[in-house]
Amino acid sequence: GLLPGVVYGRKQEPLAVEIPYPIFKRVYKQAGESTIVDLQVEQGVTEPVLIKDVQLDPVTDVAIHVDFIRLDMTQEIEATIPLVIVGVAPCVKDFGGILVQPNDKLQVKCLPAALVPEIAVDISSLAEFGDAIHVSDLKVPAGITVLTDAKTVLAQVSKPVEEVIEAAAPVAPEAPELLGKKEEAEAGAAEGEATKGETAATNKEKGEKK
Numbered sequence: 001g002l003l004p005g006v007v008y009g010r011k012q013e014p015l016a017v018e019i020p021y022p023i024f025k026r027v028y029k030q031a032g033e034s035t036i037v038d039l040q041v042e043q044g045v046t047e048p049v050l051i052k053d054v055q056l057d058p059v060t061d062v063a064i065h066v067d068f069i070r071l072d073m074t075q076e077i078e079a080t081i082p083l084v085i086v087g088v089a090p091c092v093k094d095f096g097g098i099l100v101q102p103n104d105k106l107q108v109k110c111l112p113a114a115l116v117p118e119i120a121v122d123i124s125s126l127a128e129f130g131d132a133i134h135v136s137d138l139k140v141p142a143g144i145t146v147l148t149d150a151k152t153v154l155a156q157v158s159k160p161v162e163e164v165i166e167a168a169a170p171v172a173p174e175a176p177e178l179l180g181k182k183e184e185a186e187a188g189a190a191e192g193e194a195t196k197g198e199t200a201a202t203n204k205e206k207g208e209k210k
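Per UniProt numbering, the sequence shown starts with residue 1, numbered consecutively.
Keep in mind the hints are simulated off the structure, nothing from the lab.
Among the hints, a few may not be true.
[Stated by the list, open to error] Ranges of calculated distance between the beta carbons of each label pair, as one might list FRET restraints: (1) VAL45 x VAL153: 42 to 50 Å; (2) GLU78 x ARG26: 23 to 31 Å; (3) VAL45 x ASN103: 18 to 26 Å; (4) LEU15 x PRO141: 26 to 34 Å; (5) GLN12 x ALA114: 22 to 30 Å; (6) GLY143 x THR46: 20 to 28 Å; (7) PRO4 x LYS105: 36 to 44 Å; (8) LYS11 x VAL45: 15 to 23 Å; (9) ASP57 x ASN103: 23 to 31 Å; (10) LYS109 x ASP57: 27 to 35 Å; (11) GLU18 x ALA132: 17 to 25 Å; (12) LEU56 x GLN30: 12 to 20 Å.
All C-beta atoms in this analysis are idealised placements derived from N, C-alpha and C, irrespective of residue type, glycine included.
Just need the whole structure built from these sequences, with the hints factored in.
Encoded structure:
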């Protein structure tokens with residue numbers, strides 16, 4: 001099917017476009033939102049653009065609309081570049097630390113030609129719990145100005161959460177019922193009642209004889 005979209009920017013009128021969905025899916029996977037794409041806006045005419053916003057169906061997660069922004073190759077633009085974790089953190093490998101990545105994108109400003117698909121975050125220096133990599137630690141390609149605060153944490157190693165399982169308090173077993181004792185007690189009580197009955201009858205007979 002065809003994916004509807006709109007091209008805007010450079011003080012020009014917005015232009016409605018339609019792109020074959022399989023082609024868009026392939027290009028978006030490769031380019032993301034930080035790589036220049038040559039978009040054919042009409043027969044034989046292409047424009048350098050960035051994929052700016054992709055709307056997804058909330059149920060199927062399939063793209064249903066896309067925005068493209070026109071580029072002036074001589075003017076700086078603001079863009080978002082994804083961050084990719086590379087390397088192995090010794091603290092994770094050797095001590096079971098948990099790698100946390102609170103931020104996975106970087107806001108930048110540069111000429112369109114200086115844009116890169118992604119920027120690497122090397123975590124091989126994270127040797128102890130609490131070690132972190134900040135924006136200021138990144139190796140950013142020439143021509144790119146970082147807008148994200150330099151103190152922003154991009155990756156950090158935390159201690160694993162220890163689950164404490166409390167053992168249930170032992171339940172004291174109930175004392176077994178002593179059947180023999182109970183039966184003896186019941187028998188004794190019955191015998192006592194019988195004796196009382198006999199005594200009462202004897203006393204009654206004696207009273208009648210008098």
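Do the hints match the structure? See the list:
For the pair VAL45 and VAL153, the supplied restraint of 42 to 50 Å holds, since their beta-carbon distance comes to about 45 Å. Under the hint 23 to 31 Å, the C-beta atoms of GLU78 and ARG26, about 26 Å apart, fit the expected range. Separated by about 38 Å at the C-beta atoms, VAL45 and ASN103 break the suggested range of 18 to 26 Å. Checked against the hint of 26 to 34 Å, the pair LEU15 and PRO141 passes, with Cβ atoms roughly 31 Å apart.
Between GLN12 and ALA114 the C-beta distance comes to about 23 Å, which sits within the given range of 22 to 30 Å. GLY143 and THR46 have their C-beta atoms about 24 Å apart, which keeps the hinted 20 to 28 Å range intact. For PRO4 and LYS105, the hinted distance range of 36 to 44 Å is not satisfied, since their beta carbons lie about 26 Å from each other. Remark: the range hint 15 to 23 Å for LYS11 to VAL45 is upheld by a beta-carbon distance near 18 Å.
Remark: the range hint 23 to 31 Å for ASP57 to ASN103 is upheld by a beta-carbon distance near 27 Å. The hinted range of 27 to 35 Å is satisfied by LYS109 and ASP57, whose Cβ atoms lie roughly 32 Å apart. Distance hint check for GLU18 and ALA132: the Cβ-Cβ separation is about 45 Å, which falls outside the suggested range of 17 to 25 Å. For the pair LEU56 and GLN30, the beta carbons lie near 18 Å from each other, so the given range of 12 to 20 Å is met.
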